[in-house]
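There are 2 protein chains.
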Amino acid sequence: MSAVIDTPTTTGTTASGGTTRAGAFGHATNLRCRACGAEQQLGPFYACFECFGPLEVAYDFPTVTREQIEAGPKNIWRYRSLLPVPDDIASIPNTEPGYTRLIQADNLARELGIHKLWVKDDSGNPTHSFKDRVVAVALSAARELGLEVLACPSTGNLANAVAAAAARAGIKSVVFIPDDLERPKVLTTAVYGGTLVAVRGNYDDVNKLASEIAGEEEGWAFVNVNVRPYYAEGSKTLGFEVAEQLGWRLPQQVVIPVASGAQLVKVDKGFGELVSHGLVEDAPYKIFGAQATGCSPVAQAFRDGHDVVQPVKPDTIAKSLAIGNPADGPYVLDVTRRTGGSVADVSDDEVRDGIQLLARTEGVFAETAGGVTIATLKKLVETGQLDPDAETVVFNTGDGLKTLDAVADRVGPAATIDPTYPAFTAAGL
Amino acid sequence: MSAVIDTPTTTGTTASGGTTRAGAFGHATNLRCRACGAEQQLGPFYACFECFGPLEVAYDFPTVTREQIEAGPKNIWRYRSLLPVPDDIASIPNTEPGYTRLIQADNLARELGIHKLWVKDDSGNPTHSFKDRVVAVALSAARELGLEVLACPSTGNLANAVAAAAARAGIKSVVFIPDDLERPKVLTTAVYGGTLVAVRGNYDDVNKLASEIAGEEEGWAFVNVNVRPYYAEGSKTLGFEVAEQLGWRLPQQVVIPVASGAQLVKVDKGFGELVSHGLVEDAPYKIFGAQATGCSPVAQAFRDGHDVVQPVKPDTIAKSLAIGNPADGPYVLDVTRRTGGSVADVSDDEVRDGIQLLARTEGVFAETAGGVTIATLKKLVETGQLDPDAETVVFNTGDGLKTLDAVADRVGPAATIDPTYPAFTAAGL
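Chain order of the listed sequences is A and B.
Residues in the first sequence are numbered consecutively from 1, following UniProt numbering.
Residues in the second sequence are numbered consecutively from 1, following UniProt numbering.
Looking at chain A on its own, in the form it has when it is part of the complex:
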């Protein structure tokens, strides 16, 4: 299954100051500051040495063909040549995320008055959210950099993904959660047997502690802190897959949830890489961002015509999107404006409606984040921002089994009957 690609020779710097093995990061060459453009060596770094701006991975790509990709495994590693991972990544124990369903959603399209609609359903991932993608790339970086602990602050999907990935890889994980986290969410991470640390405080307190530890402890890979440049690249695979599953072409419109905003920005980056490699035709597309009104700083900035995002205190049932100060907010504004899309938001009741609408029409049970994108899609059509005649892809990035409370007061049995045939017929079902 290995593609015929020259082994790259670029190396990086390990946590202990040594040199990584050749090809440790595939065709990645550097980390580049997204603010000032300064470059530095690949390593466990996330802030620019010059200006403290956010870093991203830079590459010197070889020629990549559809045939090479199609010959790869049925998971994100089929795109390994476009990620900061070694060529043998698929054979190193990992959770094998990705290549989830892209389903043609004719029933939902009909209800919304859209001509052609697809749902990218990332609930089919190993721990049932898109976080398995980004964590898998972060884990590879951690391993190649000689880091020995995989860690994160989280209240949900990210915690599940980190604990599962570390278990499978046979390395230590430490996950930090608020001490008042609901019991089911504790269990779904604790079951993997890593170290779970309850922190007295709210999520902001937990996050702050994690950043402090990341700065102090050598050998720790906080997936969304000191290996974030690698981690974020994992989201490109959502864009790669959509295009490949459409038969190697770009959709005309995409609706993507916005938490930190990195996912949306990386899908755009992924589309761009496919074009520059000649893997898809260069065609215009619009990217739309979706937020819950209770945490909608990017939508607000979009409406106000601002380039920066004013932080908010989140208050929404869509917990997995509840980042009040989104790091990639400005980039989301840039991408949506540049492509002709927009950022919109929906109320918690609309989120619940969205979950039920998707389940009823397409048999996909989304978590609240999926309710946000479906409800936003509906709103974008109703307000004329999204063209109903253009082919559209909407993302569901998580699983309804994790946010059952969202629909708890809304659905249930149509009737309760005695266990007899006459009772059944009398019910007139």
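These aren't lab readings, by the way, just hints derived from the structure by calculation.
It is possible that some hints are incorrect.
[To be verified] Derived CB-CB ranges, DEER-like: (1) B/T19 to A/I92: 54 to 60 Å; (2) A/E111 to B/D418: 48 to 54 Å; (3) B/K74 to A/I92: 18 to 24 Å; (4) B/A426 to A/L246: 52 to 58 Å; (5) A/W248 to B/A426: 52 to 58 Å; (6) A/V275 to B/E70: 26 to 32 Å; (7) A/A71 to B/D307: 44 to 50 Å; (8) B/A71 to A/A408: 41 to 47 Å; (9) A/R34 to B/G428: 36 to 42 Å; (10) B/A390 to A/A390: 51 to 57 Å; (11) A/E216 to B/R183: 40 to 46 Å; (12) A/D204 to B/A408: 26 to 32 Å; (13) A/R34 to B/R183: 43 to 49 Å; (14) A/Q310 to B/A71: 48 to 54 Å.
Every residue, glycine too, gets a C-beta built ideally from N, C-alpha and C.
Assemble chain B onto chain A, guided by the hints.
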């Protein structure tokens, strides 16, 4: 993506006595009695007209090649030529189940002292259990037979799969549940918007009512009653996938959970079909069945050397395997004895251990049924029934998110700390 196969001309009888379209059941030709061998036309039948024995689907297969299969979609329809479904099945709205992960489980193998072990993880299916496979085939039969309602009695996975598949197909579903079913299990079916009927009574009462309705109502497809012969064929795809994912060869040993027993029997049938088509080399394999001690009638019959199974009243946390009078019990005994395997059972505490063991070693969070197979695998090694030097595949057929209670008292945070770095270092994690 269509394979070059002649369109079959066999037709069947619809529910209203008409004729199905040509090729409605692919290369299936008849229903054949598993007891007396009598044949009858394809239709909504499950009991032999001669002896009331159980019916199964008979075929006149064309030549099927690896290339044809590999050119198909990445779901169970890549095997459509070997299923009772039309050649255009992949293009008719369905949940697109199957082609789930087969992961090499080196960590678990090491702990159990097994040379080479794989986990077939069916929790990646659309509603996170193997039931999506069988329901997808049942739905196709229902449609081709002109049946208008997809129905089942169930308390869990089957209910989820039926409601989701019907929603996506745009047909009516009616799911019957006991009226005391836990609220989370009600929600995960009700969210799809089909008709949910609570029945005053236990699961046996619900089941009996369903059979009565199936006998009385025309136009209803009870997936596991009147379209059961088609439904059951869906489990062959688990066997097909394991062989294809191993690089087109059979494993030497397989450990499969036993509820009705149909899954185990159909995996064996699937292996046999692969051999007869020349798709894999004919090599010996052993099939092992796994039950929870609280519902282990087949394991008991195996130990006692009986050919028939004495029904039991189930009492186990492995609810999805709790069938006290398993229809395919005798066939399970036949398959496991013929292949040199066995049927064993494990206590509920061992089931919990099994769930934790799999999660901790491989990052896979299984439902109780998966705990049963992992714990049984361990027991089979310890008792010398399973050869640790032979390549082994163990099935996880469901998702831990659906049976959180099983681990609720066993896992949790290692420590609770204040949100400060000194508190973190003092905890010594």
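Evaluated hints:
1. Roughly 55 Å separates the CB atoms of B/T19 and A/I92, a value that falls within the hinted 54 to 60 Å.
2. In this structure, A/E111 and B/D418 meet the distance hint of 48 to 54 Å, their C-beta atoms being roughly 50 Å apart.
3. At roughly 22 Å, the beta carbons of B/K74 and A/I92 sit within the given window of 18 to 24 Å.
4. In this structure the hint that B/A426 and A/L246 lie 52 to 58 Å apart at CB holds, the actual value being about 53 Å.
5. Between A/W248 and B/A426 the C-beta distance comes to about 55 Å, which sits within the given range of 52 to 58 Å.
6. The hinted range of 26 to 32 Å is satisfied by A/V275 and B/E70, whose Cβ atoms lie roughly 29 Å apart.
7. Between A/A71 and B/D307 the beta carbon distance is about 49 Å. The supplied range of 44 to 50 Å therefore holds.
8. The hint said 41 to 47 Å for the Cβ distance between B/A71 and A/A408, and at roughly 44 Å that hint holds.
9. Remark: the range hint 36 to 42 Å for A/R34 to B/G428 is upheld by a beta-carbon distance near 38 Å.
10. Remark: the range hint 51 to 57 Å for B/A390 to A/A390 is upheld by a beta-carbon distance near 55 Å.
11. A C-beta distance of roughly 44 Å is found between A/E216 and B/R183, which places it inside the suggested range of 40 to 46 Å.
12. The hinted window of 26 to 32 Å between A/D204 and B/A408 holds, with their beta carbons roughly 28 Å apart.
13. At about 46 Å, the CB distance of A/R34 to B/R183 agrees with the hint of 43 to 49 Å.
14. In this structure, A/Q310 and B/A71 meet the distance hint of 48 to 54 Å, their C-beta atoms being roughly 52 Å apart.
In the structure shown, no violation is registered for any of the earlier numbered hints.
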